[in-house]
Amino acid sequence: MEKLLQVKDLHVSFVTYGGEVQAVRGVSFDLHKGETLAIVGESGCGKSVTANSIMKLIPSPPGKITAGKIIYNGQELVTKEEKEMRHIRGVDISMIFQDPMTALNPTLTIGEQLTEGLRQHQQISRQAANQQAMDILDLVGIPNPKERLRQYPHQFSGGMRQRIVIAMALICEPELLIADEPTTALDVTIQAQILELFEKIQKETGIAIILITHDLGVVAKIADRIAVMYAGKIIEVGDKREIFYHASHPYTKGLLLSVPRLDRPEEKLIPIDGTPPDLFSPPVGCPFTARCPQAMEVCEKVYPYQTALSDTHQVECWLQDEKARKPAVL
Amino acid sequence: MASYIIKRFLIMIMTVLVIATLTFFLMHAIPGSPFNEERGTNDVVQANLEAHYHLNEPIYIQYFIYLKSIATLDFGPSIKHPTESVNELLGRGFPISFELGMVTIIVAVLSGIVLGVLAALKHNGFIDYLAMACAVLGISIPNFVLATLLIQKMAVDWELLPPATWSSPMHMILPTMALATGPMAIIARLTRSSMLEVLTQDYIKTAKAKGLKPYKIVIKHALKNALMPVVTILGTLLAGILTGTFVIEKIFAIPGMGRYFIEAINQRDYPLIMGTTVFYSFFLVFMLFLVDIAYGVLDPRIKLHKKESD
Amino acid sequence: MEHLQEKTKTDHSPDTRNIPDEWFRPKAKDIKSAEQVVRPSLSYWQDAWQRLSKNKLAMGGLLFLIFLSIMAIFGPVLSPYTVQDGPLATQNQPPSLNHWFGTDHLGRDVFTRTWYGARISLFVGLMAALIDFFIGVIYGGIAGYRGGKVDNVMMRVIEILYGLPYLLVVILLLVVMGPSLLTIIIALTVTGWVGMARIVRGQVLQIKNYEFVLASKSFGTKPFRIIRKNLLPNTMGPIIVQMTLTVPTAIFAEAFLSFLGLGIQSPYASWGVMADESLGTILSGHWWRLFFPAFFISATMFAFNVLGDGLQDALDPKLRR
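Protein sequence lines correspond, in order, to chains A, B and C. If you count by my numbering, then the first sequence holds residues 1 to 330, one letter each, in order. If you count by my numbering, then the second sequence holds residues 1001 to 1310, one letter each, in order. If you count by my numbering, then the third sequence holds residues 2001 to 2321, one letter each, in order.
Here chain A stands alone, though its shape is the one from the complex:
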């Protein structure tokens, strides 16, 4: 499969008055055309920052991409000027944000907000733009698109607004959609509808999706591959089956154990004790050491190298090292 996006050794920092926060510390991953990659992790692990970096929407200052490459369709994005980025945003890559209640401008009509991007990027008439807006509203499942175009955001429910936000992201037919916690702010029933909408859109347009979430239920439904982030690093990546059935990093295992499962109601939920490390001064070794039930001395002192468990499944953990396995055999 063709690679649409490659992120290589991405580092992002925020300079605050308390010091430098290293929010993303060497993240690498690939994304193929038409696939859905989920980036999961606790809040503050750097998943949203990674997503924003791809669009180069990190507020700067204080944020800054300090190292690494982001290659989209053969173009390097990190070094691109703001002007050039404008021709990529919305056209090639679009993004939708967590809270549909605040993502729409309260003082502009839906129609205006839907078509403004289109009219800027493609020189088309207002009428043609409106037609396209109606088509896209139809696609995301909003009835009466013609009247709806003239309405304001407060006249829509939360789920409807998220559909509009998705429509806005899709209107220029991008190849990549980054969804930052798209269902977190919604009711559970609405969540399911929105996820179905994502599946439908992907089927119809073949768009690639990067899904940022902390919700493993969402991941199980629509992701092809999963990357698990912890304290600014991707600690394990694999396809959906590999992560759900053969998780090998203790953190990933912990995450899975902390999710309720209807198919095994007798099982107890096991929370992960402790809190993530402070990224003002990230630990030298594996950041999960302090909370890890299987921690060893080496974990604290040296960061583990990457081990490939299959062509698609990689993990960064000392437990995979030969030396760690010997005492266990004892």
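Do not take every clue at face value.
As the list claims (entries may be wrong) - Partner residues are not named here, just some residues of chain C that face chain B (Cβ under 7 angstroms, in silico):
| no. | residue |
| --- | --- |
| 1 | V2176 |
| 2 | F2259 |
| 3 | N2305 |
Don't read these hints as lab results, they were simulated from the structure. Predicted model, so just to flag it, every value in this text is computed and none were measured. Ideal Cβ positions, reconstructed from N, Cα and C, are used throughout, including at glycine.
Starting from the known structure of chain A, fit chains B and C onto it as the hints suggest.
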């Protein structure tokens, strides 16, 4: 929208009524008649005068007469300017005060918004610090101090502009500057902080994610939302400016309403005090009403929801 | 899965020979250390003070106000001259060793009068802020806490009062009660408390639905105690900021009224009176008579404004990280 306007309108009428009543009873709480000090008036003349001004009627009758007259916008005769009615005095002085006030608010709003937006866009940059330093100074220096300073420097020392009166556009510059600086500073600060807040909103991020041009994001998405709070304080600012005209008119010897008003207070010319107070209050309350309507037009959310009073 | 790992591991693994084998033994579980918060936790007020003390402008304002308060208390006492009279022989003298700020047209010492004016300004400002605080907190607290119909009626009253042009009310009261310090303070607070009440109400409305308040209610705590213990401490930030910004408004209003001849009357000194009396100096060149009162009004308002701004930044929990 209609119910919103009606609600605002009722509040306006209530306010006007409260003002009128308050003014009336406060004025009548003052001991002594305005004619006591008049020289050469005997009891008969005094009684005639009191009858002429309805001062001999019971107080509630006077109150109704008063309400009736202000309802028809007739503020009665002035006591100390017997040849002129309050309406005539208002008609002479108010247009000049109004002109001063309007020029001031236009200057203040335009320059304040420009300064505030620039400062917000260059947040923490040189322009930001400069604009905000000017704004804090502008708020801190009372308009009468600024006025004397301006006359001293611009008119007396450097002889650039005329120091007083209100006869040509050149004459208008100094009074306007003196009066507009404070409101301008307030608007600039408010615009800046609300602009900064709006710029962190998700819909601005969404607009950026669409790849819109920066000026479009600022003008179309940010400015309209950022100016909402500015609209809400316009009424209060206007009140400040109109009362500020009193002091500016005194310093620059401008023949507006301010002079009559202060004169009326010092000479206990009740009809004139009541007339000017009520007139000014009506004017301001009406302006507040207009501002509320403008707010309703600007913010589409008003149409469906009732506006919460904060 | 096991054989999969065996197969692919070796070709990727870097050199780990120099890592001692002992390091690979399971570590004693030490979850506690992970729970430790790395940075020391500060109370709200400590945190706010730390932020404020970093703001040089606000600290400068605070220092100036402390200086001004000291001079307002001791300045007139220290000076050998009195506020109300001076020998006419010494009229309109420029600043000198005898008269640091010079003398005015009646030979009165401007230095003494300036500090006397500071007393008036600070007194008016602080009284106005305090009275605003009491009325505003009680009114706004009740409206916000009771909510519903009570709130609705109370807010309509506020809306009507809000429409009253504030300086006109002041002037009307001055006409009725005669110009005096008390009149000015009453007049200033008649309309001034409205702003405070709105802020308190807004805050209370927001906070009263927070869990900790609901929890307290569910224990059967009495409303007054809830307002005092739960609501007030959490609304103090915006209230303090509002008070700091009320003071310069009140100082301005006093100076403004005195300048118009409607406030403090000569021979008593207020900065407004002094500025009014020295209007003519623009042409006569006795600049010191206008300069000192004008400078101190502006500097005091400036100090209160920057302090208020600083407090706003320091106390705003939204900025807290």
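Hints numbered earlier in the text: which of these fail when held up against the supplied structure? none
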